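Let chain A serve as the given structure and place chain B on it in line with the hints.
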Amino acid sequence: MRPILLKGHERPLTFLKYNRDGDLLFSCAKDHTPTVWYASNGERLGTYKGHNGAVWCCDVSRDSTRLVTSSADQTVKLWDCETGVQLHSFNFDAPARAVSFAEGDKMVVITTDPFMEQQSAIHVKRIESDRSLQSSEDVLTITGPQGRINRAMWGPLNKTIISAGEDATIRIWDAETGKLLKESDPETGHQKVITAMAKSADGSHFITGSHDKSAKLWDIRTLQMLKTYTTERPVNAAAISPLLDHVVIGGGQEASQVTMTSTRAGKFEAKFFHKIFEEEIGGVKGHFGPINALVFNPDGRSFSSGGEDGYVRVHFFDSDYYHIKV
Amino acid sequence: MGGIRDFRWGDAAEEDDGIEGVLPPTQVIGPDEKGIKIIIEWRKDDEGKRTKVTKTVRVKKQVKKLNPAAIRRRSLKKFGDALSQNASENRTVVSTEEIFLERTRPAGAKQEAEKGADLALLGNASLIVCRTCGKKGDHWTSKCPFKELAASKNFPGAGEKPPTDEDVPGMSGGAGGKGSYVPPSMRGAKGNEGESMKRPGRDDNSIRVTNLSEDTREQDLQELFRPFGNISRIYVAFDRETGLSRGFAFINFVNRDDAIRAINKLDGYGYDNLILRVEWATPRADRS
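Chains as they are written, first to last, in the UniProt record's numbering: chain A, 1 to 326; chain B, 1 to 288.
Chain A on its own, in the form it takes in the complex (with noise of 0.2 Å):
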């Protein structure tokens, strides 16, 4: 397969998203524009500009007309897709770190860091579909764990909210009354920073990566670990094929260390395993610099990779692909 290599973005890539019928990729990085390209050609689309500071996620709604993007610039941004012009901005006073939308996509949650004395915090939005009526408060707000909260996302009908993040705890709490529901098990859970977290296609069970070079893979109600796929460097990012039982696990050392090894030693690679039998399959290389971005298409034939070389490099599988045996 030949690649399409996306260079919108000066500074390293956070996270992508494809919207729900695949036609679309959106790529949040550093450099404070999130992007949105056609998926099929690669072409830009358009770029959302209002962000004065790194956006760390985004979310784009099931009919593909609103996107959310969180920032280091202490706000959240919802916009109209197909326009770039800005709706709402809700304002923070902590850099926010996570987004999501729920389900039905009257709700969104976010995380925001801990800054300045200021507990880490989940918080719940309404999304009004009339703007007018669109407010800042919050519905919901949820604190309790140390350190940032990475990722966080809505469990099964909306009914919880899990969440992830540096203190390698994975939390699910009712998303009601903010009540903590269940606790990963320090035992057979992550041993280090969480720093990636995505559902399957059906969301009956998710994967997390993390910096103990693992990922690992949950029963999204039950909260029990299902697998492990374990791998010689820190996962930044993982996800589920919706079209196969694959995963895919992408990382590299630390940024830090880059410069000081050469591109072979990183393993800058997005390796691909066996949902089912943990067992790695292969890998695809290309950035030259650890991945921090993995998504699947919906359609499960294509995938997008976003590092910290700045690049999205887009992926359609080769036939031989979907004939793999192991």
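Don't read these hints as lab results, they were simulated from the structure.
Predicted model, so just to flag it, every value in this text is computed and none were measured.
Cβ coordinates follow ideal geometry from the N, Cα and C atoms, glycine included.
Take the hints with a grain of salt, since some may be wrong.
One side of the interface only, derived from the structure: several residues of chain A facing chain B at Cβ under 8 Å [to be verified]:
no., residue
1, Arg2
2, Gly8
3, Glu10
4, Leu45
5, Asn52
6, Thr83
7, Leu87
8, Phe272
9, Glu280
10, Ile281
11, Gly282
12, Gly283
13, Val284
14, Phe288
Frame of chain A, contents of chain B only:
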């Protein structure tokens, strides 16, 4: 559309410039219910000969489902930085490099592949031939991994393990016994110390210098022997316990001729009030 139109060859000659007028029009039959389409074409080659080309094509309809929303979005207007994009910017590039999903081979397969690589190396015609194990192109004699095994296995002189094995100078220098040099190749598997001596020391052009004064150093010998030719190694035997020179040294020349000249010149040469004795390190029948 009828069949072939009636025309005379004379007409063709007259209307040479208007080919369309001469050649019957292309005929398309079908597609029928099986999707088979027949295309009949007429062509004229350089010599003016007419050829009838009949192509039979199967037409197949492939249904590809597209999302109407995605189709609509394809014609969206660009916005933000994408608006001012000029052609030279090249934001989107298709990799020139073919990238593969590199399969992770199971451990067993990997080992086999490595073996193959080893054999491939062997097959290479190379100048490097190990004199110990006879392997071509793999390693230099001095780096032979089978150095120790060689003595007991395939080296010609393996059988005759000298009894002075333990007193190998430079190996176990402390004993101060007979001091006769036993080339590494002749050392038995017993001489485990040989393992530590992985440096080049197995050259045939090795000469032994005896009756050296105690304060002769490598440096001095270098000065003395360098004029005869390139030296690959100088070894001065020191007593491990006292740290004093044991009065003999080995010098390896790159070229055998240089070694011969050195022997002829320096055997019996007065050096530091002593008369040097210079001879081949490994007395062999063909050298005496």
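Hint-by-hint comparison with the structure:
1. Arg2: This hint holds: Arg2 of chain A lies near chain B, its Cβ roughly 5 Å from the closest one there, short of 8 Å.
2. Gly8: 5 Å, holds
3. Glu10: 11 Å, violated
4. Leu45: Since chain B brings a Cβ to about 6 Å from Leu45 of chain A, closer than 8 Å, the hint holds.
5. Asn52: Since the shortest Cβ distance to chain B is 15 Å, the answer is violated.
6. Thr83: This interface hint holds because 6 Å falls under the 8 Å limit.
7. Leu87: Check failed: Cβ of Leu87 of chain A comes no nearer than 14 Å to chain B, outside 8 Å.
8. Phe272: 7 Å, holds
9. Glu280: This hint holds: Glu280 of chain A lies near chain B, its Cβ roughly 5 Å from the closest one there, short of 8 Å.
10. Ile281: 7 Å, holds
11. Gly282: 4 Å, holds
12. Gly283: Gly283 of chain A check passes; min Cβ-Cβ to chain B is 5 Å, inside 8 Å.
13. Val284: With a minimum Cβ separation of about 6 Å from chain B (threshold 8 Å), the hint on Val284 of chain A holds.
14. Phe288: 12 Å, violated
Going down the numbered hints, you'll see the structure goes against 3, 5, 7 and 14, while the others check out.
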